[in-house]
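J.: Here's the letter readout for the chains.
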Amino acid sequence: MTTVTRDLQSPPEPPGTVPRERTVSPSKVFLALLRRDVVVARKELPFFLVRTIMQPLLFIIVFGALLPRMGFVAAGYSAALLPGILAISLTMSAIQAVSLPMMQDFGWTKEIEDRLLAPVPTRIVAAEKIVAAVIQALIAAIVVLPFARLIMGPIPGFSLAHGGEIMLIALLGATAFSSLGMWLGTAISPQQIGLMFSVIVAPMIFFGCAYYPWRGLDAVPVVKYLVLLNPLVYVAEGLRGVMTPTVPHMSLGVVTVALVVLAAAGWALGMRSFYKRAIG
Amino acid sequence: MVAAAIETRALRKVYPAPAAKRGANRQGPPGAALPGAPTPGAGVVALDALDLDISEGEFFGLLGPNGAGKTTTIGILTTRVLATAGSARVSGVDVATDAVRVRTHIGVVPQRPNPDRSLNAIENLVFHAAYFGIPRSTAEARANQLLTRLDIADKAEAKVDQLSGGQQQRLMIARALIHEPDVLFLDEPTVGLDPQARLDLWAILRDLHEQGRTIVMTTHYMEEADRLCQRIGIVDRGKLLALDTPSRLKERAPGGTLIELQLDASPDHLVASVTALPGVLRAEARQNGLRVFSDRGGRIISPLIQIVEDAGLHVSNIGLTEPSLETLFVSLTGRKLD
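Residue numbers (my numbering), protein chains in the order written: chain A, 1 to 280; chain B, 1 to 338.
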């Protein structure tokens, strides 16, 4: 056996001994992963805010302020629009917060590999990404709300009294969409990112009952039942039900069940797809 | 007896055939090397019946061309690729059944630096340590020590994009060491580095090895394997062709200098007359080329060209290689390394 000098680190055990065990609790690793995402998000805060606020802001200005003043839409329209705008901010933020980094990381930068080497089951790494996106999505919705209120003026029947229910819908919606983002981000190749937005995201927004209540589609029954496939419908309708209940909306029970099912399905798909990309 | 750091038995990896992978995941699995030997309908065999025993404290090299199965082997040993069959243990822990525990024992330096670009250099290290449950104060002390030792302490607060290729590679080494692994894996660590950065990296690796760490490195540079490794496994098309110390491998190299002639037509019909030349140990025709092992060095080149030109062929290029791992590799695989 050669004698060795060790100036760099504590020595590895002498050959022949039982290897030391260094188990780490998954929750500790999960929190470290989350802390990393918080640090990164803080660095990118201005970009995050601009990305999050821009699109909803434009819609609020045009549909919530300009059109009502021109007399093209009724004054009460803002009550139907506000929950929809919040739903879009929430869900788009959730999708983007996971899918874009996943595409980048697995597609070319491979940056996530340092986290895939963490001594925890691979699903913990995926779960953390989804949770981080849920948090971002909730922040996005919270940031957009005061802007909307400020630009649209008083909104008939608007109330934040049902805080618990609002939180429940927002949380379920954000989880469903973050999971969906995980699935899209790991299943679609980076070259198809443009396609993802034009074929999946854009139709989802326009047929998501965000700019009109679902009951308004009574006039077009085919569309009315087709849009039920769209998860955004339940977030928008759910938020309407708890924020502006005077506007026609789906029952909270239906919305909750639908979002729980969608979140569970999205979670399962997202986890599976992440694992397939992470482990060859 | 010295304990085994790594032990593989009949390790095999078959990637699905490209046709079977339509739709999603077109990027290919992580660590997927270039296709090895394709088997019709059955996928691409990247690794076939690999048996390896690497001792603790050993500096081991896997040498082979691109697509030989080196990266797949590292992928399996570092829990990023699932083997199709066979078994592998790292520090006595099975990679298939207890991947999480294996990860506590290994440090990995990837083929291409993949630092977390949203974090600066030292954050890369401190966060990586946090993923291993190491407290922040300990992590920071270790990170500073490593950055100093690897000569990038002045870049501690720098964005990783401001680091040169060689500096990024050092950061990757620091990252791989921050949780004090027993086994350090390096996948083609010097590809893309300038000669000076390569020499610096060699010195760092020698140092780490002298400290008693087990190092497993893949490379397709003969010289690198020869200079650094205590034992070398030569792999090609997923199979382990030879395994020994560099000096014993070189002894196994077919005697003589390898002379390669590039021709304008196939020299099949000339092999017999070339073999009959005094000093020729072996000759083989390869498409429009002639490969000759000579025990008289380059002195047979002139009669060799004579034979070829008498037969109406023209020589467009001549290459000479002294007996080395390179000539052994050519004699084992029939092809050159890069």
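Some hints could be false.
[Stated by the list, open to error] Calculated pairs, SDA-like style, for lysine to any residue (alpha carbon to alpha carbon, straight line, at most 25 Å):
#1 K336/B with L243/B
#2 K110/A with G166/B
#3 K28/A with D94/B
Everything labelled a hint here was simulated from the structure, so no lab data went into it.
J.: All hints are to be evaluated individually against the structure, with a verdict given for each.
T.: Verification of the hints:
With a CA separation close to 18 Å, the supplied pair K336/B and L243/B stays within the 25 Å bound. Pair hint K110/A plus G166/B holds up; C-alpha atoms about 18 Å apart against a cutoff of 25 Å. Distance check on the hinted pair: K28/A and D94/B sit about 24 Å apart at the alpha-carbon level, within 25 Å; holds.
When held up to the earlier numbered hints, the structure conflicts with none and fits them all.
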